[in-house]
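A.B. asks: In order, the protein sequence lines correspond to chains A and C. Just so you know, we're using our numbering here: the first sequence kicks off at 1 and counts up by one. Just so you know, we're using our numbering here: the second sequence kicks off at 1 and counts up by one.
Worth flagging that the hints you see were computed from the coordinates, not collected in a lab. Do not take every clue at face value.
Simulated crosslink set (DMTMM-like; lysine to aspartate or glutamate; CA at most 25 Å straight-line) [stated by the list, open to error]:
1) A/Lys247 to C/Asp52
2) C/Lys195 to C/Asp82
3) A/Lys10 to C/Asp52
4) A/Lys321 to A/Asp307
5) C/Lys108 to A/Asp88
6) C/Lys103 to C/Asp140
7) C/Lys108 to A/Asp307
8) C/Lys216 to C/Asp82
9) C/Lys108 to A/Glu234
10) C/Lys143 to C/Glu206
11) C/Lys195 to C/Glu90
Pulled from the structure, derived: some chain C residues nowhere near chain A, Cβ distances all over 12 Å [unchecked claim]:
12) Phe61
13) Ala70
14) Asp134
15) His183
16) Gly184
Please read these numbers as outputs of a predicted model, since none were measured by experiment. Cβ coordinates follow ideal geometry from the N, Cα and C atoms, glycine included.
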Amino acid sequence: MSFPWAQEYKPQGTVSKWVDERLPLPRLVYNAVGAGYPVPRNLNYFWNFGVLAGVALVIQIVTGIVLAMHYYASVDGAFNSVEHIMRDVNSGWFVRYAHMNGASFFFIVVYIHIFRGLFYGSYKAPREMIWLLGVTIFLLMMATAFMGYVLPWGQMSFWGAQVITGFFSAIPLVGEPLRQLLLGGFAPDQAALNRFFSLHYLLPFVIAGVIILHIWALHIPGSSNPTGVSVKSEQDTVPFHPYYTAKDGFGLGIFLIFFVAVTFFAPNMLGHPDNYIPANPLSTPAHIVPEWYFLPFYAILKAFTVDFGIPFTGIILIPAKLMGVLAMFGSILLLFFLPWLDTSPVRSGHYRPLFRKFFWYGLIPCIVILTYCGGKPPYTQWVVLSQIAAAYYFAHFLIILPIVSRIERPLPLPNSITEAVTGKPLPAAA
Amino acid sequence: MSTVKKTKSTAKKPAVKKAAVKKAAAAPVAAQVTASDNGHHGAEGSGVRRRDFIHIAAVSFAGVGAAAVAMPLVSQMSASADVLALASIEVDVAAIQPGQAIKTSWRKQPVFIRNLTPAEIEEANKVDVGSLRDPQTLADRTKPGKENWLITLGVCTHLGCVPLGAAAGEVKGEYGGYFCPCHGSHYDTAARIRKGPAPLNLAVPEFAFISDTVVKIG
Numbered sequence: 001m002s003f004p005w006a007q008e009y010k011p012q013g014t015v016s017k018w019v020d021e022r023l024p025l026p027r028l029v030y031n032a033v034g035a036g037y038p039v040p041r042n043l044n045y046f047w048n049f050g051v052l053a054g055v056a057l058v059i060q061i062v063t064g065i066v067l068a069m070h071y072y073a074s075v076d077g078a079f080n081s082v083e084h085i086m087r088d089v090n091s092g093w094f095v096r097y098a099h100m101n102g103a104s105f106f107f108i109v110v111y112i113h114i115f116r117g118l119f120y121g122s123y124k125a126p127r128e129m130i131w132l133l134g135v136t137i138f139l140l141m142m143a144t145a146f147m148g149y150v151l152p153w154g155q156m157s158f159w160g161a162q163v164i165t166g167f168f169s170a171i172p173l174v175g176e177p178l179r180q181l182l183l184g185g186f187a188p189d190q191a192a193l194n195r196f197f198s199l200h201y202l203l204p205f206v207i208a209g210v211i212i213l214h215i216w217a218l219h220i221p222g223s224s225n226p227t228g229v230s231v232k233s234e235q236d237t238v239p240f241h242p243y244y245t246a247k248d249g250f251g252l253g254i255f256l257i258f259f260v261a262v263t264f265f266a267p268n269m270l271g272h273p274d275n276y277i278p279a280n281p282l283s284t285p286a287h288i289v290p291e292w293y294f295l296p297f298y299a300i301l302k303a304f305t306v307d308f309g310i311p312f313t314g315i316i317l318i319p320a321k322l323m324g325v326l327a328m329f330g331s332i333l334l335l336f337f338l339p340w341l342d343t344s345p346v347r348s349g350h351y352r353p354l355f356r357k358f359f360w361y362g363l364i365p366c367i368v369i370l371t372y373c374g375g376k377p378p379y380t381q382w383v384v385l386s387q388i389a390a391a392y393y394f395a396h397f398l399i400i401l402p403i404v405s406r407i408e409r410p411l412p413l414p415n416s417i418t419e420a421v422t423g424k425p426l427p428a429a430a
Numbered sequence: 001m002s003t004v005k006k007t008k009s010t011a012k013k014p015a016v017k018k019a020a021v022k023k024a025a026a027a028p029v030a031a032q033v034t035a036s037d038n039g040h041h042g043a044e045g046s047g048v049r050r051r052d053f054i055h056i057a058a059v060s061f062a063g064v065g066a067a068a069v070a071m072p073l074v075s076q077m078s079a080s081a082d083v084l085a086l087a088s089i090e091v092d093v094a095a096i097q098p099g100q101a102i103k104t105s106w107r108k109q110p111v112f113i114r115n116l117t118p119a120e121i122e123e124a125n126k127v128d129v130g131s132l133r134d135p136q137t138l139a140d141r142t143k144p145g146k147e148n149w150l151i152t153l154g155v156c157t158h159l160g161c162v163p164l165g166a167a168a169g170e171v172k173g174e175y176g177g178y179f180c181p182c183h184g185s186h187y188d189t190a191a192r193i194r195k196g197p198a199p200l201n202l203a204v205p206e207f208a209f210i211s212d213t214v215v216k217i218g
């Protein structure tokens, strides 16, 4: 693990030595996020977002444990218990708003973290496993966020649960029985609410476990960097502590300013007013949309409006409903194959002129459009726009990336990270 | 910071050593970078660096922030507004005959309301107050003119069990008041502790008669 020039942990006092010989936990921390972990010296602020995501998870777990002390998962009492938290519990409003907006900020930092990985090719060899674990964390996050959103048992909670579990009914033959199994009934009710609460409490700890694997896998090759050039010598790195603890600490301060500003001054900006209406199984809200972080995927779901079949025969191979669900899940599962779809040996988008064009003028606008359309009612113009964007999304990963990797002529890479930073070539002795 | 600059050589040595260790540890190029913006003023160096101020300021700020966040996370556990709102109850005591008692509930705790017989009042007044563990007269524990109405929490002052003696047929203990079966505390007819581990008399809540037969507790 790590580089040969990594600093070694040297326990100072007798107590530290005694502990180190019996349980080298301080040594583990030292080698993971201390001076014992050499990191490329040229990381930019995009490399802050892994730590920020970790902090966001801790915020969610701490506030979530507090909320669970006051919440009760009952169809009659859940909504009132949330209002009780907001009105009666000391500082309850603060804890709930922090948890509510904490989820959004967790997704914000994770999306930037994923963006960093996509642009700088962090998913490429030898870091594929880090990427795979990261996509796994993302899936777990989505499941956790969805189940958490159901817990207040407002209108959006209830109908969100209805719609999301409805995805499973699209599966041929076993779909409807599967949906009833997941819900424990024919519609979301007490059984569903209780199990969602149980799983919503469990999954964050599963996420924390996968994060440990994610960091473990990261420490085998070490952190990537904006040039994508591998670390060659000691000159290319600085110890994580104090250099990146300080930089991450600064980034954390900025992050918290944004987080606290929204939590205190616009706590409901990212939510839906309909969720302050108690769940009513007999009336769907006029316009039902998921939380903002699911919108691109929701747009892909809605983009499939026509059954897929053999033309002029009337034979339907895949009904539109199933297509939409498959495409939505596919858009995420696709990311698992990314390390093998992008075959270019050059990691960083900086040195890939063609890739960069498709990235900035193709993928990013496409995701922005999908997010926008996802929040719009299903009128023709939005559906058509979603269809175009969804088509591009899949084409980008499945067709464009493999072809670009083949035909592109990358820009010359610097010989080393140090050379990229200082402009001077590395001394031969190094 | 100008005083810092002039710090004398006594403090200088360990700090320089520390910086040297840091330099050796970091990558050579990085070490040059740190040396130049370390806050060292010229070649002479100094005991306290400007950067120390940044470290202390940053860590203190983070510490104060963490404490500020910890406060609501702890205070959320204390009684919430709806619990505090259940502060008072009204009880009609007209049906309680002398010698009888009822149990009711106030702030989720049992309350004993006892209509003392003249004999019980006399017995309570006979006791030498100075000899009690928690010296109080019956008059201290009741309202003037209503000395027969003894209202106490049904919570043993030892470890919180509900003493026996309120309902008909229950053991009243050696002093004819209440008896806590958990650890054997005996209370007398004025619900004062007489024997056993409990430190205090059964607590008298704040109460007032709002008519001849209705009492408001809390």
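A.B. asks: Would you mind marking each hint as holding or not holding in the structure?
C.D. replies: Outcome of the hint check:
1. Using a Cα cut-off of 25 Å, the hinted pair A/Lys247 and C/Asp52 holds, with the two alpha carbons roughly 16 Å apart.
2. With a CA separation close to 38 Å, the supplied pair C/Lys195 and C/Asp82 exceeds the 25 Å bound.
3. In summary, the hint linking A/Lys10 to C/Asp52 is supported, as the alpha carbons are separated by about 23 Å, within the 25 Å threshold.
4. A hinted pair counts as satisfied when its Cα atoms are at most 25 Å apart, and A/Lys321 with A/Asp307 qualifies at roughly 8 Å.
5. For the given pair, C/Lys108 sits about 17 Å from A/Asp88 by alpha-carbon distance, which is consistent with the 25 Å threshold.
6. Taking the CA atoms of C/Lys103 and C/Asp140, the gap is about 21 Å. The hint holds against a cut of 25 Å.
7. Proposed proximity of C/Lys108 and A/Asp307 is contradicted: the alpha carbons are some 62 Å apart, above 25 Å.
8. Annotation: proposed proximity of C/Lys216 to C/Asp82 holds, straight-line Cα distance about 19 Å (limit 25 Å).
9. Only pairs whose Cα atoms come within 25 Å are accepted, and C/Lys108 paired with A/Glu234 is rejected, the gap being roughly 68 Å.
10. With a CA separation close to 11 Å, the supplied pair C/Lys143 and C/Glu206 stays within the 25 Å bound.
11. For the suggested pair C/Lys195 and C/Glu90, the alpha carbons sit about 32 Å apart, so the restraint of at most 25 Å is broken.
12. Here C/Phe61 does not stay apart from chain A, with its beta-carbon only about 9 Å from theirs, under the 12 Å limit.
13. Non-interface call for C/Ala70 relative to chain A: violated, since the shortest CB-CB distance, roughly 10 Å, does not exceed 12 Å.
14. Distance check for C/Asp134 against chain A: the nearest CB is about 33 Å away, which clears 12 Å, and the non-interface claim stands.
15. Against the 12 Å criterion, C/His183 stays outside the reach of chain A, whose nearest CB is about 31 Å from its own CB.
16. Even its closest Cβ contact with chain A, about 36 Å, leaves C/Gly184 beyond 12 Å, as expected for a residue assigned away from the interface.
Checked against the numbered hints above, the structure violates hints 2, 7, 9, 11, 12 and 13; every other hint is satisfied.
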